[in-house]
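K.L.:
For reference, the chains in residue letters:
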Amino acid sequence: MEPILKARGLVKRFGKVIALNNADFDLYPGEVLAVIGDNGAGKSVMIKSLSGAIRPDSGKVWLDGDEVAFSTPLDARKQGIETVYQTLALSPALSIADNIFMGRELRKKGPLGTILKQLDRPAMNRFAREKLTELGLMTIQNIAQSVETLSGGQRQGVAVARAAAFGSKVIILDEPTAALGVKESRKVLELIQQVRDRGMPVVLISHNMPHVFEVADRIHVHRLGERLCTISPKDYTMSDAVAFMTGAKEAPAQEAA
Amino acid sequence: MHKLLLTSAIAFAATATGAFADTSACLITKTDTNPFFVKMREGAAAKAEELGIELKAYAGKIDGDNEAQVAAIETCIADGASGILITASDTAGIVPSIQKARDAGLLVIALDTPLDPIDAADMTFATDNFLAGELIGQWAAAKLGDAAADARIAMLDLGVSQPTVGVLRDQGFLQGFGIELGDPKKWGDEDDPRIVGHDVTAGNEEGGRKAMENLLITDPEINVVYTINEPAAAGAYEALKAMGRQDDVIVVSVDGGCPGVQNIADGVIGATSQQYPLLMASLGIEAIAAFAADGSKPEPTPGKDFYDTGVALVTGEPVDGVESISIEEGLALCWG
Amino acid sequence: MTETEFKGQDFEKSLTDATANVAEFDDSERSALRRFQQILHSTPSLVPLIVLAASLIVFGLLEERFFRAATLTLIMQQIAVVGILGVAQSLVILTAGIDLSVGAFAVFTSVVMGQFTFRYGIPPAISIVIGLAVGTALGAINGWLVAKVKLPPFIVTLGTWQIVLAANFMYSANETIRSQDIEAEAPILQFWGTSFKIGATTATLAVLLLIAIVIIMAYVLRQTAWGRHTYAVGDDPEAAELAGVQVKRQLIQVYALAGFFTAVAGWVMIGRYGSVSPAASTGQIGNIQAITAVVIGGISLFGGRGSILGMFFGALIVGVFELGLRMLGTNPQLTYLLIGVLIISAVATDQWIRKISG
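Chains as they are written, first to last, in this note's numbering: chain Z, 1 to 257; chain Y, 1 to 336; chain A, 1 to 358.
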C-alpha cells in the first residue's frame, strides 16, 4: 500500500542547531499514526514541515503520490491536510459555527451572497451541527454560543470537528490531550477513533504513552532529528517505546515501508 | 591715523545698519495654528528682519499649553536672547518663569494677553480688550434700541478656565450693553435675566456651533450673540442658520481678521472690534531693539497699565454715539 | 518515574461508570445573574443601550424641555462627526488596535477637499473624491505599518496623528475657507449640513448618513466573512492566521476603511461647521472623543468583542450627557467628570462580561 503522506530526507537547521536530520515519514491510509519523541527530538519541527508552517531546507514530501511543497499552512490545507494545533487556533469570542467556517465561510446564493456577500448562517449552523453530531460530540443547545463558554474538551472537540469536516486527506493532531482532564481526554481519544473509523488517517503527536498505545495503529519514534523506528503497539510495551525514544534501548530493525 | 578713521567709519556704518547684529529676540505664542498668532509672528519677523535682529519663534501645542511655553522661556534664557515677546497661555502659571527671565536680564513683553498680575512683564502691548468688548456691547444695544430692555443674550466665551482676554471682552460687552457686572474678573456671576447663558467655544467654528446650539435649545428666543472671536461667530452663525434664525439675531465679535471683516460684509457678523496683532509684534520687536541698544524700557499708554495698540469698531451699519470704521477701512487694516 | 506510569496503565478503567458527557453543550442550571451575564455577553450593545435609556429618562425627569424633538435631533446632529469617527475607531479597536490619527485625518481631508476646490479650481465633487482617496490612502499607510512593519498601532497612529496634523497646518497655511464662499462656489462640500424637516423639528443629512453607516457596518461586521475575520484578527491573530485568515491583508483593509470613514467625517465636518478650518478641535481631540464613544459603547480595547451599534449608543450617551447637563446649567467640567466615570464603568463591565469564559 502507498503512503498517503510521505517524506524523505527532511532537513531543517536553525543556525547551528540541526532540528531535522534527514528525517523520513510515512502515513498510511486509514491509520492512526502516533509520533512520539523526547522534548527537542524535532517531532514538532517535522510536523510543521508537513503542515506547511515551516519550510524544510531540503527533503521531499509526497501527498497521495504527488510531490508537494507547502509554503503556508493555508497551502497544506487547500491540499487536504488539516492540522489541529495545540493552541487550537480558535477565536474564543466567536461562535462555534463561525470558528468551524473561519476562512471558508459559506455565502448565500443569489445577489444576497454575490453582491451583499451575506453569510449563509442557516447552512453554516446546520453543517456545524451535523459535523459535531457525526463525531458523537453533543446535544448542542446553541451552535451560536461563543467558544469561550466551552470547556477545554469541548473546544478540542470543535477544533477536531473543524479538521474532520474539511480535511479531505490527513488530519494532524498536536498534543490534543495535553491540557485536558482525565474524562475530557477520554472523549478526545474516542473522537480520534471515530475520525479514523470514518476512513480519515490521523497523525497524533503526544507525550502521553497510555493514550498513544490506546489509539495508535503504528508508532513513529523520533529521536535526534530523525525517525528512529516505527513500531506496532501490539508488539512492544510502553516501557520499550520510552526506552527507544530516550536511547536506553537499541531500536529494532526497521520494518519494511 | 588713516587706519583709525577707517575703523571708526566701519563702526559707524555697523551702528547705522546692523546695530543689533548680535541681538536676538524670542516670540512665544499660545499656538502656531491660530491665524492671529501666525500674523503676529509674520509682523515680528518682518520687523526683526528690518532691524537686523535674530528672531526665534516658539509656540505651545494647544491653547493652554503652559509647559511648552515654560520650556521656550528656558531656551531663550539659555540662548542669550535680549528679550521675549509672549502671549501667555496660562497668565498666572507662567509668572515664575517670566521672573526668571527678567532676573537674567531679559526684557519681557506680554503681547495681546496681559499676565496675572499685569506688572509681571516689563510691559504689555495689547488691545484694550475691555474696550473692545464695550464697543460691540454699545453697538448692539444701540442697534436694538428700546428692544434692548428685553434682549435675550447668548455669551459665547473662550474656555472654562476663563483666560483674562475672554473675561475682559465678555465683561466689556456686558458693560457696554448696559448690564450690571458682578465681579469684573470673571464671567457668569451676573444676575441680569437678559443673559440666557454662557458657554465655551475654544475660539473655533466647532466650539462656536455647539455652544450656540446648546444655548438655543435652552432658549430659542435668543436675539443677541456675543462671541469671543470671529471663528466662533462663524460657527454660531451655522447653528443659527440651521434653525432659521440667522436673520433676526445680532452677532457681535472681536478680532478683525480678514475673514471676520468679510463676514461682516456678508451679514454673518453685525460688528466686530478690530485689533492689530501686527502692530503689537512690531512694536514689541522695536522695544527689544531699544532695550538692547540703551537699556530703555517702553512706557505705558497714559492712564492705563499697558501700551494700548488700539481698537476700532468695524461695521457696515454705524449707529449714533458709537464711533466706527467702515467695512472697507476694516478690510484695509485687517490681518490674516 | 517511568515505573509508575506503566503500572498505571489501567487507571482509566475506573472511569467506565463515570458520566462521560463532558463534551455536551448544555448548561441548564444558572443563576439569574449568570443568565444576565450570558445575555450581555452575546449582545454586547445591550449595556450602553440600557445606560442610554436610563440617562434619557433621568434627564427627561430633571428637565422638561429635554424630551422635545428639537433636543433629541440636536443631539444626533452634535454626535454625527464623532459617531462617524467612532465607526472608524471601532473597526480598528475590534482588531485589538487603536487609532489616534482619526481626528487629524478628518481635519486634513476636509482641508484637502476645500483647498483643492478653492486653490486649484478643481470641481468640488472631484475634490471630495480626492479627499476620500487621501483618507483611505492614509489609513492604508497606518495598516501597512501595523501589519507589515509590525509596529504597535498606538505608536504608528501617534506618529501619523502628529505628521498629518502638522501637514494640515503647513498645507493650509492656517487659513480658513469661509462658509459664505463655500456656499456660493462649492455647496456640495456642505452637502451633509443640508437640513430637512421631521415633524416640527429639523435635522441634517449628516444624521441620516451616520445612521446609514452604522447600519451598513453592523451588517458587514455581522453578516459577512470580512466582518467575522475582523473579529477573529482582534480576538487572536495567531489563531486566525492558522485558521486560514489572511491577517495582514485584513489589517491593512481595516485601517484603510477606517481612513475612508475619517475622510467621510471630514466632509461631514464642512457641512456642520460651514467653513473649512484647519484649526478645528477635532484634529486634537477627535481621537479621544471617538475612543470614548467606542469604550462607553462596550467595545473591548483588547479586540474581538463589541459592536458598532454599541459605539453608536456610546456616542449618543456622551451627547445626551453633554447637552443634558448643559440644559441643567451645571458646570461644564461636571460633564467630563461623569464621562470619565462612564468610561471606567464601561471597561469594568466589559471585564466582568469577559469572565464568562472562566
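There may be inaccurate statements among the hints.
Distance condition first, Cα-Cα at most 27 Å in a straight line; then the derived DSS-like pairs of lysine-lysine [what the hints assert, rightly or not]:
{"hint": "1", "chain 1": "A", "residue 1": "K355", "chain 2": "Z", "residue 2": "K183"}
{"hint": "2", "chain 1": "A", "residue 1": "K248", "chain 2": "Z", "residue 2": "K78"}
{"hint": "3", "chain 1": "A", "residue 1": "K355", "chain 2": "Z", "residue 2": "K78"}
Incomplete in silico selection of chain Y near chain A, CB under 7 Å [what the hints assert, rightly or not]:
{"hint": "4", "residue": "E42"}
{"hint": "5", "residue": "E205"}
{"hint": "6", "residue": "T218"}
{"hint": "7", "residue": "A234"}
{"hint": "8", "residue": "L331"}
Since the hints were derived computationally from the structure, they do not count as laboratory data.
Beta carbons: idealized from backbone N, C-alpha and C, even for Gly.
K.L.:
Indicate, hint by hint, whether the structure satisfies it.
P.N.:
Structure-based check of each hint:
{"no.": "1", "hint": "A:K355 <-> Z:K183", "in the structure": "24 Å, holds"}
{"no.": "2", "hint": "A:K248 <-> Z:K78", "in the structure": "19 Å, holds"}
{"no.": "3", "hint": "A:K355 <-> Z:K78", "in the structure": "36 Å, violated"}
{"no.": "4", "hint": "E42", "in the structure": "11 Å, violated"}
{"no.": "5", "hint": "E205", "in the structure": "4 Å, holds"}
{"no.": "6", "hint": "T218", "in the structure": "6 Å, holds"}
{"no.": "7", "hint": "A234", "in the structure": "6 Å, holds"}
{"no.": "8", "hint": "L331", "in the structure": "13 Å, violated"}
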